[in-house]
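Listed below are the residues making up each chain.
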Amino acid sequence: MCGNEAMAEAAIQAGLDAYFGYPITPQNEVTAYMSQRMPEEKRVFVQSESELAAINMVFGAAATGKRTMTSSSSPGISLMQEGISYLAAAELPCVIVNVMRGGPGLGNIAPSQGDYFQSVKGGGHGDYHCIVFGPSSVQEFADIMPLAFDLADKYRTPAIILADGIIGQMMEPVVIPTNSKLTTQNLKLPKKDWALTGADGRKQNIVRSLWLGDGVVEQHNYDLQAKYRQIEKNEIRCEQSDVDDADIVIVAYGICARIARRAAQQAREQGIKVGCIRPITLWPFPSESISKAADKSPIFLVVEMSCGQMVEDVRLAVAGKSPVVFWGRPGGGIVTVEKVLEKIEQLIKKAKK
Amino acid sequence: MQTVFKRTPTLKDCPTHYCPGCGHGIAHRLVCEVIDELGIQSRTIGIAPVGCAVLAYDYFDVDMVEVAHGRAPAVATGMKRTNPDKIVFSYQGDGDLAAIGTAEIIHAAHRAEQLTVVFINNAVFGMTGGQMAPTTMLGQITATTQQGRQADGQGYPLNVSELLAVLPGAIYVERCGLCSPAHIRKAKAALKHAFELQINNAKGLSLVELLSPCPTYWRMTPPDSMLHIQNEMTKVFPFGRIKG
Numbered sequence: 001m002c003g004n005e006a007m008a009e010a011a012i013q014a015g016l017d018a019y020f021g022y023p024i025t026p027q028n029e030v031t032a033y034m035s036q037r038m039p040e041e042k043r044v045f046v047q048s049e050s051e052l053a054a055i056n057m058v059f060g061a062a063a064t065g066k067r068t069m070t071s072s073s074s075p076g077i078s079l080m081q082e083g084i085s086y087l088a089a090a091e092l093p094c095v096i097v098n099v100m101r102g103g104p105g106l107g108n109i110a111p112s113q114g115d116y117f118q119s120v121k122g123g124g125h126g127d128y129h130c131i132v133f134g135p136s137s138v139q140e141f142a143d144i145m146p147l148a149f150d151l152a153d154k155y156r157t158p159a160i161i162l163a164d165g166i167i168g169q170m171m172e173p174v175v176i177p178t179n180s181k182l183t184t185q186n187l188k189l190p191k192k193d194w195a196l197t198g199a200d201g202r203k204q205n206i207v208r209s210l211w212l213g214d215g216v217v218e219q220h221n222y223d224l225q226a227k228y229r230q231i232e233k234n235e236i237r238c239e240q241s242d243v244d245d246a247d248i249v250i251v252a253y254g255i256c257a258r259i260a261r262r263a264a265q266q267a268r269e270q271g272i273k274v275g276c277i278r279p280i281t282l283w284p285f286p287s288e289s290i291s292k293a294a295d296k297s298p299i300f301l302v303v304e305m306s307c308g309q310m311v312e313d314v315r316l317a318v319a320g321k322s323p324v325v326f327w328g329r330p331g332g333g334i335v336t337v338e339k340v341l342e343k344i345e346q347l348i349k350k351a352k353k
Numbered sequence: 001m002q003t004v005f006k007r008t009p010t011l012k013d014c015p016t017h018y019c020p021g022c023g024h025g026i027a028h029r030l031v032c033e034v035i036d037e038l039g040i041q042s043r044t045i046g047i048a049p050v051g052c053a054v055l056a057y058d059y060f061d062v063d064m065v066e067v068a069h070g071r072a073p074a075v076a077t078g079m080k081r082t083n084p085d086k087i088v089f090s091y092q093g094d095g096d097l098a099a100i101g102t103a104e105i106i107h108a109a110h111r112a113e114q115l116t117v118v119f120i121n122n123a124v125f126g127m128t129g130g131q132m133a134p135t136t137m138l139g140q141i142t143a144t145t146q147q148g149r150q151a152d153g154q155g156y157p158l159n160v161s162e163l164l165a166v167l168p169g170a171i172y173v174e175r176c177g178l179c180s181p182a183h184i185r186k187a188k189a190a191l192k193h194a195f196e197l198q199i200n201n202a203k204g205l206s207l208v209e210l211l212s213p214c215p216t217y218w219r220m221t222p223p224d225s226m227l228h229i230q231n232e233m234t235k236v237f238p239f240g241r242i243k244g
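From first to last, the protein sequence lines stand for chains G and R. Position 297 of the first sequence, counted from 1, bears residue number 297 in my numbering, the numbering being contiguous throughout. Position 210 of the second sequence, counted from 1, bears residue number 210 in my numbering, the numbering being contiguous throughout.
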């Protein structure tokens, strides 16, 4: 299965009630797959008239307490930012999948990681965060779905899966997680007693993001921030390999992390000690793991398919303790093992001088 | 003493924030009366727009959501598709429905969503300070048409109801006015029909457009605003059942 299909099936198995989407390359396999499978499961599929409408359909379904998602690619995700801000403000759980492509503008349809800033720093207006995952294989793309839905429900927040054209299009053997408990630590999810289900024998429920009273939005922001601190405390996920003795630590996520890992292995074969840190959650960001690694003063090499976005968060985490170097390719350029290895060799040569 | 009139239970007992002579109060009461007469309060979900009626949930005692400007029909789609047993209605002004939300209302009708739409047309953006709406009359003075709206450069008043009526998915479209007791009774009957269609699982969208007075931004007295609807607005927005 390709990543887009594996992710879609995993979402269905995770109890997805409704999918809303609009065609855009390179995520069209998702809408096509959902259009077939959701009706088979007697669940809801709607092809919307725009991404604006899709995210607002998600808003509607989420407001009634249903598990719901949409997917798109970079330009479409830009259109959804209004809705994502409202979802975050109204604290509605949902999942948004971005199969990133080259940008800015219409860009191209090749894989990219250019939407990191947009996803982890807000994207829409106002002070808010979404939980953001960066899967690095088809299997992980699928595995993250039940987790994403559960964490969205647990914290009443939108969760974003930041994949790219390679993860979406690539075919790999995959086991669809059919039991969400596999990846969610047996989460006990809170009851959705806030949902709009009809005021039958109870007080009216209101889902809103407008608070006109003096200081009310200020307090709402503090409440949201308190929730974000909880997420930072509990939900950081990251993978490390060979970091302890490393002279160079590569930080990369998504498909870049796999390429970087291979380059690191090849470097080790040459006797260059290279380790890898792979953030699985991009927000919350594994700053502590990176900071700890920086205590031993290796050179940090950040590899991204962009002009350097996550590198800013790495620099913040390293806080001047180690040099941080960026290498990447924007606009649909794909990084290769050879190029990363070349960069590693250059860095080592320079360090020895 | 015999009680001859009382507030319908779904309309909350609270002071109004609307301007004197505004039509929203009448429209709110009519919608609540219809909900109570049809016995659907406990299974109705309402959608408040961006505009003067953004706080509609302060008046309607049903589950409600407030959504981004113009997106109510998309939100309603998400709600109704996942909750076909619920009665979902949106309450939208002419800035919300006829300007920024044009795509959403047309496509909700185009998909024949089983929704009820209450469309308040007062020919002006109220909440933001009386700017031109697509429905603003030619010659009408607003904050952004200070010499009066001119067709050349500002376009003609937009007849959304007539536009929607050509779509097969719009099964009932009627225009009424909140401008006299007789007209208000007619408006209530239309709203009731629009809700009944959804209750009876009729396959499509029903919309009732209510020409509604805005004395503040029309710069008129409330009685003159009522007369303005009957004598002027109906020349562009005629009353009657457009479809269904």
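It cannot be assumed that every hint is accurate.
[As the list claims (entries may be wrong)] Derived pair list, reagent style DSS-like, types lysine-lysine, alpha-carbon separation capped at 27 Å: (1) G:154 - G:273; (2) G:203 - G:121; (3) G:42 - G:121; (4) G:203 - R:192; (5) G:42 - R:86; (6) R:243 - G:203; (7) R:86 - G:192; (8) R:203 - R:235; (9) G:203 - R:235; (10) G:227 - G:292; (11) R:6 - G:191.
[Claimed, not checked] Reference listing, derived: stretches of chain R covered by chain G, where coverage requires no fewer than 3 residues with Cβ under 8 Å from a Cβ of chain G: (12) 82-91; (13) 199-209.
Read the hints as simulated data drawn from the structure, not as lab findings. Idealized CB from N, CA, C, for every residue including glycine.
key: Coverage criterion applied to the region 82-91 of chain R (partner chain G; beta-carbon cut 8 Å; 3 residues)   = holds (count 3)
message = Check the hint pairing residue 203 (chain R) with residue 235 (chain R) against an upper bound of 27 Å on the C-alpha distance.
response = violated, 32 Å
task = Assess, step by step, whether the Cα of residue 203 (chain G) is no farther than 27 Å from the Cα of residue 192 (chain R), and give holds or violated.
result = It holds: about 24 Å lies between the C-alpha atoms, which stays within 27 Å.
key: Verdict on chain G covering the region 199-209 of chain R, where coverage means 3 or more residues with a C-beta closer than 8 Å   = With 0 residues in contact (Cβ-Cβ under 8 Å with chain G), the coverage given for the region 199-209 of chain R is violated.
ask   = Taking only the CA atoms, is the gap from residue 42 (chain G) to residue 121 (chain G) under or equal to 27 Å?
value = violated, 37 Å
inquiry  = residue 243 (chain R) and residue 203 (chain G) were given as a pair; does the straight-line alpha-carbon distance stay at or below 27 Å?
reply    = Distance of about 37 Å is beyond 27 Å: violated.
ask   = Between residue 227 (chain G) and residue 292 (chain G), does the CA-CA distance stay at or below 27 Å?
value = Satisfied, since the Cα-Cα distance of roughly 25 Å is no more than 27 Å.
request  = Sort out whether residue 192 (chain G) lies within 27 Å of residue 86 (chain R), counting only the CA atoms.
outcome  = holds, 17 Å
ask   = Hey, residue 203 (chain G) versus residue 235 (chain R), does the alpha-carbon distance stay inside 27 Å?
value = Measuring from Cα to Cα gives roughly 44 Å; hence the hint is violated.
query = Does the structure keep residue 154 (chain G) and residue 273 (chain G) at a Cα separation of 27 Å or less?
reply = Distance of about 40 Å is beyond 27 Å: violated.
ask   = Are the Cα positions of residue 6 (chain R) and residue 191 (chain G) separated by 27 Å at most?
value = violated, 38 Å
ask   = Are the Cα atoms of residue 42 (chain G) and residue 86 (chain R) separated by 27 Å or less?
value = holds, 18 Å
Of the hints listed earlier, those the structure fails to meet are numbers 1, 2, 3, 6, 8, 9, 11, 13, in rising order.
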